[in-house]
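Enquirer: These are the residues of each chain, in order.
Number of protein chains: 4
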Amino acid sequence: MTSIAKLPRPFRGIITPLVTPLINDESLDEKGLNLLLNHIIEGGVNGAFILGTTGECASLSYKLKHKLIALTCELAKGRIPVFVGITDSSPAESLSLAKVAEETGASAVVAAPPYYFDLGQQELITYFMNLADKLPLPLFVYNIPSQTKIMIQPETVKILASHHKIVGMKDSSGSATYFNSLLYHMKDDPSFTLLVGPDEMMASAVLMGGHGGVNAGSNFYPRLFVDLYKSAIKGNLKEVLQFQEKVMEFSAKTYQVGTTGTTFLKGLKAAMSISGFFENYTASPLTPFGEREMEIIKENLKHLNRK
Amino acid sequence: MTSIAKLPRPFRGIITPLVTPLINDESLDEKGLNLLLNHIIEGGVNGAFILGTTGECASLSYKLKHKLIALTCELAKGRIPVFVGITDSSPAESLSLAKVAEETGASAVVAAPPYYFDLGQQELITYFMNLADKLPLPLFVYNIPSQTKIMIQPETVKILASHHKIVGMKDSSGSATYFNSLLYHMKDDPSFTLLVGPDEMMASAVLMGGHGGVNAGSNFYPRLFVDLYKSAIKGNLKEVLQFQEKVMEFSAKTYQVGTTGTTFLKGLKAAMSISGFFENYTASPLTPFGEREMEIIKENLKHLNRK
Amino acid sequence: MTSIAKLPRPFRGIITPLVTPLINDESLDEKGLNLLLNHIIEGGVNGAFILGTTGECASLSYKLKHKLIALTCELAKGRIPVFVGITDSSPAESLSLAKVAEETGASAVVAAPPYYFDLGQQELITYFMNLADKLPLPLFVYNIPSQTKIMIQPETVKILASHHKIVGMKDSSGSATYFNSLLYHMKDDPSFTLLVGPDEMMASAVLMGGHGGVNAGSNFYPRLFVDLYKSAIKGNLKEVLQFQEKVMEFSAKTYQVGTTGTTFLKGLKAAMSISGFFENYTASPLTPFGEREMEIIKENLKHLNRK
Amino acid sequence: MTSIAKLPRPFRGIITPLVTPLINDESLDEKGLNLLLNHIIEGGVNGAFILGTTGECASLSYKLKHKLIALTCELAKGRIPVFVGITDSSPAESLSLAKVAEETGASAVVAAPPYYFDLGQQELITYFMNLADKLPLPLFVYNIPSQTKIMIQPETVKILASHHKIVGMKDSSGSATYFNSLLYHMKDDPSFTLLVGPDEMMASAVLMGGHGGVNAGSNFYPRLFVDLYKSAIKGNLKEVLQFQEKVMEFSAKTYQVGTTGTTFLKGLKAAMSISGFFENYTASPLTPFGEREMEIIKENLKHLNRK
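Residue numbers (the working numbering), protein chains in the order written: chain A, 1 to 307; chain B, 308 to 614; chain C, 615 to 921; chain D, 922 to 1228.
Don't read these hints as lab results, they were simulated from the structure. Treat the numbers as computed from the prediction; the structure is a model and nothing was measured. Ideal Cβ placement from N, Cα and C applies to all residues, glycine included. Heads up, some of the hints might be wrong.
Which residues of chain D face chain C? A partial, calculated answer using Cβ under 7 angstroms [as the list claims (entries may be wrong)]: (1) T1181; (2) S1205; (3) P1206.
Turn these sequences into a full structure, and let the hints steer you where they fit.
Expert: Okay, structure coming up:
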């Protein structure tokens, strides 16, 4: 079993927020999952994060979630640490997922705020502190206001960081103002991990002091994101801009097709399926891209050099 | 077991969206639940709706939800039909709750859209149609954009109503423009039930042709809401305005204390606890009102005539 | 000149929020304005409100606004009172418009909150109180959060109503919860006028105690709105529902064509132009409906009985 | 007169979005304006932008705007180019301000979308293209969704850039995802200027290829922002982080006091007044900070080293 002590603090590098390969709403594509894990590990990423937004956390049944947690840990074979999303509207169910994560060998859990009721910052503090008290694994707090409709204020993060089990944060707000405020507020606590979500801003976040990224695009292009991260860490700006252009090209050509708020996810699954990783299946209530969008993405992908 | 055939179409009257009496996050206050059920049945309401927003649906564990469904059906003893909220971000879990509802004798289920991902109207249609296909009980669609961040368009409702298991709707948007649009779009399908959520607009919705209300205040004042409903049905405007003033007074004095988006729920639980129904406990992640707010509500309640 | 004393308190009935007939961005269609004024006065409405949202207030130059104010007052010839919208992001410009309104014989002014900066409720109070101090005419406060992004809280309205020049309110929020809260908070001040904006909820607002409507549809169907208002005042619910269906039909068939947030305005101008009142011109930055939408509205209008 | 040809393309460096020093709603503090201009020019900034959000554009009367434009151009004496905000809800008034700007010697104008009506992207394109056709000066498009409630899509920007008078953009969205998308979409048009608004993200935007910043904090600390910009241009990351910490400290200690959406502006004016530049007056409808907030900012400023 991995223990709290085993994860470096801060945790640095690229963590892939794993797409969940599915055959249908109730069945994992186990072969696809294995392929994907090998692909990202060969690409050099530093961790796998399952059951995040990219992993369609909210849509999956608990039975399937348990299966996914166990199987990912088994297939990862300790090659990279596994981070498990336990975001839920019910705190009891979050805790229950955390127990499964601990039992199957995951390294840490990741939780966004419960996402049904409007919460105040004080309620967020109480919630996360109580949750951390009971957790068997270290916790990364997950800021994703596009889905949870709440911004975890930097002052709140600072308070949460005082809990010994709350070891870091993933910010998917897309706001550089916010992320730089996090860096400023946490500057006296260098062991607290600050990771950034959107692919498009990983490099600039790392240049300013961020510890790495949890970037959807690394499902497809693990090596590219690792390279971009390393260039940023070295401060090689010329290289950064070269890799960044590829990241932006992938974003423009796969995430921006279609019109709803989940096109990044649908586009990514579409691209992975076109590349042969698994079928283009998204769990209900999302519907996968249809013929028209698939054609556009197929055409767009032709002009990308996959690496 | 209650079957689809047993519910009148349209369903008319007042349904109480039951507050969930709790001892702690994991334990129901069974005595409190019994008291509450007897209170609303004596008050003359036409149905009980558990696991709605007022019932803190999203916060409770599945274990507790199952217990609540079974116990409510048992305690209701068939005196009023029980409607069970199955809203969840995972369609599989919604279905699973529906099965429990059917097995324990509930009359219908109620579902808001899955509330994590942004969905388009077409995805809503696909979601509800697929869900209804598998449901063992009739379905009321639940529009509550304050929590789900999506408005179910009247045109979408019209399409959903073509499914024989989708028999009605609860609208908690607060928008009279929207509710009147629903009435207009559904005018040729008089068997499709249209109920309104906010206490403050039940009377006007019924005057304009709505079939009734699912009003939080009827936990406290069941008779008042039944009387208001009946006045509206009779078209006795003078009586309507008299009862309406009491409804507004209760709203102003208990729902508007405090500042977060859940004050209606916290205020209602506070008022119920002050009146001796059960303890003032809200499930995590919500924190119940503290001393200061309790004092304000206690003072406010003194000036109300409970009936 | 009309003085504060001349407007009845509360002011009751239907006020038409006048569409602004335009030849181009800089020129009024004076003939169209005259036609429109005669049309609504013959239809029996109780007032004309120029430079509201329906009148494209925000888009017009000051020169054109001055012209419109003077001309409307002149053409109205005292047959109905003229209410002048003075909403602006600059308080000084609002005051300047109010002076023009007073000089040309308008009866009252109407102001929404300044709409660029986020304001707090206390800032709203300070703003409206200071404005009222300097105004030469009585003021109606205008709540339209869809455009101004702020809700004027009922408690704020109550404070504003203590100013002798703040005599009423137009609420275009569409929220029945909010409007009924206004009615409740203002119940001890029966001289304070409460009017409602959206066509679709005028009848229910009047049934619950509202004083009337400022309804865009009365540009097209003045008599229908007057009839609906009168039925509601008399409490004749059967009649209310008959007229309401026509109001809803017009809304569904002209306001809901197209997809942006201004379809009600574009649809209304399209319908008026098809009926021969004036050209289908909307001021920049809005673009009027094109061929496709015009065809739909033309087709839709065929099935309406204009009265 | 400055002509289009005179501004370098792209325009690089720090432009100060000037605070408007006021004695009251109708009177400029001319001495304060002169002090401020000399302060930023001595600090080395590359331009002054008047009538932006920081300059309280929307609140000021046209008379005062005209005075401010003329006086700023006169006092600047050609030492730095003057950019004039012409954002307005009325296109005609925007054009009228642009004429004043041209006549008094300004170098360019800056316009956000009209901010009352909801506009579609096509309406934005039509609006900006038509405006540019008539403008006597080059135009910078201004993206500030917090106030205008619309995001100018990167694809829209690309289309706008095809107009010879639309020469650049200021983005105040705070989104790094968006700004990096702009950089990507405009990569083949290196003469199109891309400037970023929020102080906190100027450095990272420049590191990724942005041309500079329009940063409120440069009113107070012009030299600091110029130094930070130069470090970023040179790619000296160590220096960037040193200066960035000062920028973040100023942001945390002056912009984050208070709770409404305009605290950055009120805090900045408070800090400038404490430092003796001018009185702490904000134009109606904003109310300046009171005693309590002034004490906090005074205390906070003690711990900053002004340079």
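Enquirer: Against chain C, with CB atoms and a cut of 7 angstroms, does the hint on S1205 (chain D) hold up?
Expert: holds (5 angstroms)
Enquirer: For the restraint on P1206 (chain D), tell me whether the closest CB of chain C is nearer than 7 angstroms.
Expert: With a closest approach of 4 angstroms, the P1206 (chain D) hint holds.
Enquirer: Have a go at the T1181 (chain D) hint: is there a Cβ in chain C nearer than 7 angstroms to its own Cβ?
Expert: holds (5 angstroms)
Every hint, counting from the list given before, is met by this structure.
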